[in-house]
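Trainee: One-letter residues, chain by chain:
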Amino acid sequence: KAGVTQTPRYLIKTRGQQVTLSCSPISGHRSVSWYQQTPGQGLQFLFEYFSETQRNKGNFPGRFSGRQFSNSRSEMNVSTLELGDSALYLCASSGTSGRNNEQFFGPGTRLTVL
Amino acid sequence: GQQVMQIPQYQHVQEGEDFTTYCNSSTTLSNIQWYKQRPGGHPVFLIQLVKSGEVKKQKRLTFQFGEAKKNSSLHITATQTTDVGTYFCAGHGYSGAGSYQLTFGKGTKLSVIP
Chain B
1 KAGVTQTPRY LIKTRGQQVT LSCSPISGHR SVSWYQQTPG QGLQFLFEYF
51 SETQRNKGNF PGRFSGRQFS NSRSEMNVST LELGDSALYL CASSGTSGRN
101 NEQFFGPGTR LTVL
Chain L
1 GQQVMQIPQY QHVQEGEDFT TYCNSSTTLS NIQWYKQRPG GHPVFLIQLV
51 KSGEVKKQKR LTFQFGEAKK NSSLHITATQ TTDVGTYFCA GHGYSGAGSY
101 QLTFGKGTKL SVIP
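Quick note, the sequences are listed as chains B and L, same order. So the first sequence is numbered by the numbering used here: it starts at 1 and just counts up by one. So the second sequence is numbered by the numbering used here: it starts at 1 and just counts up by one.
Possibly wrong hints are sitting among the right ones.
Below, simulated DMTMM-like cross-link-like pairs (lysine to aspartate or glutamate); rule was C-alpha separation at most 20 Å, straight line [said to hold, decoys possible]:
1. L/Lys36 with L/Asp18
2. L/Lys109 with L/Asp83
3. L/Lys56 with L/Glu67
4. L/Lys51 with B/Glu102
5. B/Lys57 with B/Glu75
6. L/Lys106 with B/Glu102
7. L/Lys70 with L/Glu54
8. L/Lys59 with L/Glu15
9. L/Lys109 with L/Asp18
10. L/Lys57 with B/Glu102
11. L/Lys56 with L/Asp83
12. L/Lys56 with B/Glu102
13. L/Lys36 with B/Glu102
14. L/Lys51 with L/Asp83
15. L/Lys57 with L/Glu17
I should point out that these hints are in silico values taken from the structure, not numbers from a laboratory. All values reported here derive from a predicted model rather than from experimental measurement.
Chain B extracted, bound-state conformation:
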């Protein structure tokens, strides 16, 4: 089975721009979660989608949004980029939503905001 894929792998943007990141989960997985990883804050939960519905949302401003398509692929969007948005954005898929779901992480998208 192919693993979780994320595109692009690296991205450089300037302040004020917006960005869209894409995640393709493992085949058959319907839950996709997004995390922001920075050296100072660690792994912070952004949101989880299951069957095209947002199930959970972390404590991030409204500039961060996401969606999931019928094929379980997911995108996250960050508008009006700030310097502090520079981070590794990780997507993780699991077979189900809920509390006994092992997360399979993708390689991440490294976003640099200048």
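Chain L: place on chain B using the hints.
Mentor: The following block gives chain L in isolation, referenced to the frame of chain B:
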């Protein structure tokens, strides 16, 4: 909201020494998961503990879940250079409306000196 604290932040050990990382949650957890992230890589699932007082072993790794389901530990016996990486705990806590959110600790970065 739910907080998961993990200590120590860094640990340097001589090859062959033991290593332990500790995880504490501000709330009772449904379960706890452990992940390992190699330098430059993405988190990889190691194990999940569900029952109060549960202990699980994987070769040289021993995982424990506290009786109150608010703390956990990972112990590595006789570390090897292949153990290098950052170890994260992640706790599933109830976030309302029938949903559970996974909250990660900030991780313990393990360095092994050959």
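Trainee: Does each hint fit the structure? Answer for all of them.
Mentor: Against the structure, the hints come out as follows:
no.: 1; hint: L/Lys36 with L/Asp18; result: holds, 17 Å
no.: 2; hint: L/Lys109 with L/Asp83; result: holds, 10 Å
no.: 3; hint: L/Lys56 with L/Glu67; result: holds, 14 Å
no.: 4; hint: L/Lys51 with B/Glu102; result: holds, 16 Å
no.: 5; hint: B/Lys57 with B/Glu75; result: holds, 15 Å
no.: 6; hint: L/Lys106 with B/Glu102; result: holds, 18 Å
no.: 7; hint: L/Lys70 with L/Glu54; result: holds, 12 Å
no.: 8; hint: L/Lys59 with L/Glu15; result: holds, 16 Å
no.: 9; hint: L/Lys109 with L/Asp18; result: holds, 14 Å
no.: 10; hint: L/Lys57 with B/Glu102; result: holds, 18 Å
no.: 11; hint: L/Lys56 with L/Asp83; result: holds, 18 Å
no.: 12; hint: L/Lys56 with B/Glu102; result: holds, 16 Å
no.: 13; hint: L/Lys36 with B/Glu102; result: holds, 13 Å
no.: 14; hint: L/Lys51 with L/Asp83; result: violated, 26 Å
no.: 15; hint: L/Lys57 with L/Glu17; result: holds, 18 Å
The structure does not agree with numbered hint 14 stated previously, though it agrees with all others.
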